Amino acid sequence: MTASRQTCANETVPELDRRLVLATQTGLPLDARPYHWLASELGITPERVMERINAMLADGRIRRIGVVPNHYRLGYLANGMSVWDIPDEVIRKVGREVGELDFVSHCYHRPRQLPDWPYNLFAMVHGHSRAEVAALVEQIAALLGERQHGHDILYSRRILKKTGLRLGG
Amino acid sequence: MDALDRRIINEMQGGFPVCEYPFRAIADRLDSTESELITRIGCMLDDGLLTRFGPMFHAEHMGGALSLCAMHVPEQRFEAVAKTVNAFPEVAHNYQREHHMNMWFVLATETPAALQAAIDSIEAETGLEIINLPKLEEFYVGLHFEV
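For the record, the sequence lines run as chains V and U.
Take the first sequence: its letter number 130 is residue 130 in the numbering used here, and every next letter is one higher.
Take the second sequence: its letter number 62 is residue 62 in the numbering used here, and every next letter is one higher.
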């Protein structure tokens, strides 16, 4: 390790993790040894890079490592945010059931904001057309039966902005 | 996009190995080679078929805050309000949706206090009310697209 690449000896783990996040938030290098490449950028050993990345995977700070496809380009042209009014006493059970459906990509319990917003379960449904999304949402409605007190589908018309999670430098 | 590109997309949406030669391990599984895999991923990123390759971070687990916010924006003001909202660095995504609540954006900040401050600033600058819908529980974030 060269002197210029040596990191401050008293750098804490959170400081190191933050530098790792900053170095990878736009992506991993397309290099045969990406973690070694990062190590030389950050002035630490490759073993340390892999140890910290494994630690962040283990505690959930990194969800997963891989590619993110552009779903519009893959032909999933319709995305419908389905929203549901579910009784509070069954929200957890219903949320798990809906989240397990293979056409649902995200499923969250969020607060109602009455009177403007009566829905407390959000499930993102992706399909090749709006008709397909609508049919999938009807499948969810059939599954829930009387456990839902109303639902709606919000189709996206336009992406106005899309950037990844960014930490300030 | 050919058969190998499709296999790469299907196989690589998670589980990228943490080891010295991670591409080699996956290339073996896909009957490809390390250098071809790296080239293909680079091409699909350049081409826009992939939006990203790398670790996906979990904002809340990093100590940050994330919330979904909705607004009703009068049609005649929509473009101007979109510009105002998008100018906030805390706004990670913003979608126009077909509903009375027609603007939906995700705020991502490093602290919960910064999240509330961003909401207050956006309301002050636009004169519009924000409905704040923070996640209470996450049931599933799969995001696996089969091609």
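Keep in mind that the hints are not guaranteed to be accurate.
To be verified - Once the Cα atoms are required to be at most 25 Å apart in a straight line, the calculated DMTMM-like pairs of lysine to aspartate or glutamate come out as:
1) V:Lys162 with U:Glu36
2) V:Lys161 with U:Asp2
3) V:Lys161 with U:Glu11
4) V:Lys93 with U:Glu98
5) V:Lys162 with U:Glu34
6) V:Lys161 with U:Asp120
7) V:Lys162 with U:Glu60
8) V:Lys161 with U:Glu125
9) U:Lys135 with V:Asp116
10) V:Lys162 with U:Glu98
Calculated from the structure, these hints are not laboratory results.
Because the structure is a prediction, the values reported are computed rather than measured.
Is the Cα-Cα distance between Lys161 of chain V and Asp2 of chain U 25 Å or less? Since the Cα atoms of Lys161 of chain V and Asp2 of chain U sit roughly 30 Å apart, the hinted pair is violated (cutoff 25 Å).
Holds or violated: Lys93 of chain V with Glu98 of chain U, Cα cutoff 25 Å? Roughly 29 Å between the alpha carbons, so the hint for Lys93 of chain V and Glu98 of chain U is violated.
For the pair supplied as a hint, Lys162 of chain V and Glu60 of chain U, confirm whether the alpha-carbon distance does not exceed 25 Å. Within the cut-off at roughly 19 Å; holds.
Mind checking the alpha carbons of Lys161 of chain V and Glu125 of chain U for me, to see if they're no more than 25 Å apart? Since the Cα atoms of Lys161 of chain V and Glu125 of chain U sit roughly 18 Å apart, the hinted pair holds (cutoff 25 Å).
Lys162 of chain V paired with Glu36 of chain U [C-alpha distance capped at 25 Å]: 29 Å, violated
Would you check the hint for Lys161 of chain V and Glu11 of chain U, treating anything up to 25 Å between C-alpha atoms as holding? 28 Å, violated
Are Lys161 of chain V and Asp120 of chain U close enough, with their CA atoms no more than 25 Å apart? 20 Å, holds
Would the hint linking Lys162 of chain V and Glu34 of chain U be met if the CA-CA limit is 25 Å? 31 Å, violated
For a C-alpha distance cap of 25 Å, please report whether Lys135 of chain U and Asp116 of chain V respect it. With a Cα-Cα distance of about 18 Å, the restraint between Lys135 of chain U and Asp116 of chain V holds, given a limit of 25 Å.
Taking 25 Å as the top limit, are the C-alpha atoms of Lys162 of chain V and Glu98 of chain U close enough? Cα-Cα ~18 Å, so holds.
The structure fails to meet hints 1, 2, 3, 4 and 5 from the earlier list, while all remaining hints are met.
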